[in-house]
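A.B. asks: Given next are the chains, with one letter for each unit.
There are 2 protein chains.
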Amino acid sequence: MFDLTKVLLGPASVELGRNLAECLGGEAVPVETKSFPDGESYVRITGDIAGEKVAVVQSTYPPQDRHLVQLLQLLDTARDLNASELIAVVPYLAYSRQDKRFRPGEAVSVRTIVKLIEATGAGSLVTVDVHTDKILDLFRIKAHNLSAMAAIGEYFSKLKLLKPYVFAPDEGALERAKTLAGYLGADYSFFQKQRDRETGMIRTKGRDFEIKDRDAIVVDDIISTGSTIANAASILREEGARDIYVACTHPLLLGGAKEKIIAAGAKEVIGTDCVASDVSRISVASVIAEFLRKTL
Amino acid sequence: MFDLTKVLLGPASVELGRNLAECLGGEAVPVETKSFPDGESYVRITGDIAGEKVAVVQSTYPPQDRHLVQLLQLLDTARDLNASELIAVVPYLAYSRQDKRFRPGEAVSVRTIVKLIEATGAGSLVTVDVHTDKILDLFRIKAHNLSAMAAIGEYFSKLKLLKPYVFAPDEGALERAKTLAGYLGADYSFFQKQRDRETGMIRTKGRDFEIKDRDAIVVDDIISTGSTIANAASILREEGARDIYVACTHPLLLGGAKEKIIAAGAKEVIGTDCVASDVSRISVASVIAEFLRKTL
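Protein chains in written order, with the numbering used here: chain A, 191 to 486; chain B, 191 to 486.
For reference, chain A alone in the conformation it holds in the complex (with noise of 0.2 Å):
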């Protein structure tokens, strides 16, 4: 039986958190934060909670450190206010790109924040398109990876597009390509990295595939730089694409990322509330409200 009953929306993801609540029927939880002088953390959270089934949303995006004290904050405070069940809603998982040791003495820093995770009372996880899955069987909680395709595939669906085209930037994401994809009745194809042998640099190279005069979708999981995005754009226009579209579900876009996709053809560029940005136009509430619903 589904018995969620409260939605506790963290300062990281308030507006989401406010979608989730309305998506499921029930009592959005506001939390009241603010920043001490020097720079602490403090949150309170401003409804009875005692004995429900209560979710916690709040993704670690940058400031990660700053996000993910809050969630650990309100993850002990929400157990010790009695609450008879956490669910911690983190879109983003911060430090799961530091999920192997390479050199000797190499923090595997994606394995103290779950551990952090869980010593402060969640019952359970729900992240969304995470680095790796294999970062799920780090927790000794349930754990679960949503995808966010659905809420892109939606998002695009109502463009009219001409005869869409979507792409991975490299192989390794080409099933989340194909899965947007399968949405929107459309191609997919994926670009290929290439080391350069004079420079040494990655290049991206376009593998064989007929963009002329169609619409073009590149998406990935995770925009930083937005390097690599990029390259793939300005490959899409000397190809002749019509409107070249960038998607992702984590928009960190770092240092002007936007602007160098942009200014490399793309006419678009948009991302999910998984991190909160300026391009952050898709929700992913209903996503996790429909795996809650299932699951809980």
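Quick caveat, the hints were computed from the structure, so don't treat them as lab data.
Hints are supplied without guarantee of correctness; some may be wrong.
Since the list can't tell identical chains apart, any single copy or any two copies may satisfy a pair.
[Claimed, not checked] With a cut-off of at most 27 Å between alpha-carbon atoms, the simulated DSS-like pairs for lysine-lysine come out as follows:
| id | residue 1 | residue 2 |
| --- | --- | --- |
| 1 | Lys-290 | Lys-224 |
| 2 | Lys-484 | Lys-324 |
| 3 | Lys-290 | Lys-243 |
| 4 | Lys-305 | Lys-350 |
| 5 | Lys-224 | Lys-324 |
| 6 | Lys-368 | Lys-402 |
| 7 | Lys-450 | Lys-224 |
| 8 | Lys-243 | Lys-305 |
Please read all numbers here as calculations on a predicted model, not as lab measurements.
Guided by the hints, dock chain B onto chain A, whose structure is given.
C.D. replies: Chain B alone, transformed into the frame defined by chain A:
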């Protein structure tokens, strides 16, 4: 038997860690540290610590969340590298002023911090002049609070002070002033906080003391904005004190606090390396080393 052989140099406390290793005759283990472009911390322990008893030295002064996450990464990694025992040396313990719930639903954040340090494998904790001793009771592991007054006393005993008089900026800090006065064979007193009946402002008033042509030391555990201390310094100047020194364990010195205190009449503001700052010329390494020698 004293068998601590390795001292891990956390990025927030490299100099203090080096001093501590030297005082103990142990080996300093450097930590390679960097920030990724997205802001995540990377840490790498560069020495072999398997089977060793290790002190992880990492203070958590501002930016607190960053320093805290680095501490947790280091503890978890050190345990993963099979250190036999971990002593967390955290001279400034972040969030220790959030130790009570004043309004319903507030996070008692220091409790969360305690859980996180324990969850990542610390076997014991050493801190210095913590906000309140009661915090130690929150730990299930052994937690020790040391006083920096011996180190501060040693510093002032080398200056040729004229009939020194030690002041606490408020009554709650009197014990600390008394301790420092004991090291210097000095008199001691405190200032009283009074609420102005008309304006509601808190003002600091001196009690009866004769400070004319004597040197004064105002000592506190922590200086944040420095307003109370500046007020005390300005009263001492009005009362005809010769040189006015301001000393503290944790020089946070937010937003021009040092300049404010100097402008109020202090000759010098001095702090310890519990918090790295440009006034941190007193090291607590000898205090920590002496404690570790006695108890390990």
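A.B. asks: When Cα atoms must be at most 27 Å apart, do Lys-305 and Lys-350 count as within-copy, between-copy, both, or neither?
C.D. replies: neither (46 Å within a copy, 53 Å between copies)
A.B. asks: Cα distance capped at 27 Å. Does Lys-290 pair with Lys-243 within a copy, between copies, both, or neither?
C.D. replies: Cα proximity of Lys-290 and Lys-243: across copies only (25 Å, versus 34 Å in one copy).
A.B. asks: I want to check one pair: Lys-224 and Lys-324. Are their C-alpha atoms no more than 27 Å apart within a copy, between two copies, both, or neither?
C.D. replies: between (35 Å within a copy, 25 Å between copies)
A.B. asks: Between Lys-243 and Lys-305, at a C-alpha cutoff of 27 Å, which is it: within one copy, between copies, both, or neither?
C.D. replies: both (21 Å within a copy, 22 Å between copies)
A.B. asks: At most 27 Å between CA atoms: does that hold for Lys-450 and Lys-224 within a copy, between copies, both, or neither?
C.D. replies: Between copies only: 25 Å across chains, 34 Å inside a chain, cut-off 27 Å.
A.B. asks: Can you give me the call for Lys-484 and Lys-324, within, between, both or neither, at a CA distance of at most 27 Å?
C.D. replies: Intra 23 Å, inter 45 Å, cutoff 27 Å: intra-copy only.
A.B. asks: Treating 27 Å as the Cα threshold, decide for Lys-290 and Lys-224: within, between, both or neither.
C.D. replies: Answer is between: at 16 Å across copies they meet the 27 Å cutoff, but 35 Å inside does not.
A.B. asks: My question is about Lys-368 and Lys-402: at a cut-off of 27 Å on alpha-carbon distance, are they close within one copy, between copies, both, or neither?
C.D. replies: within (20 Å within a copy, 83 Å between copies)
When each numbered hint is compared with the structure, a violation occurs for hint 4 only.
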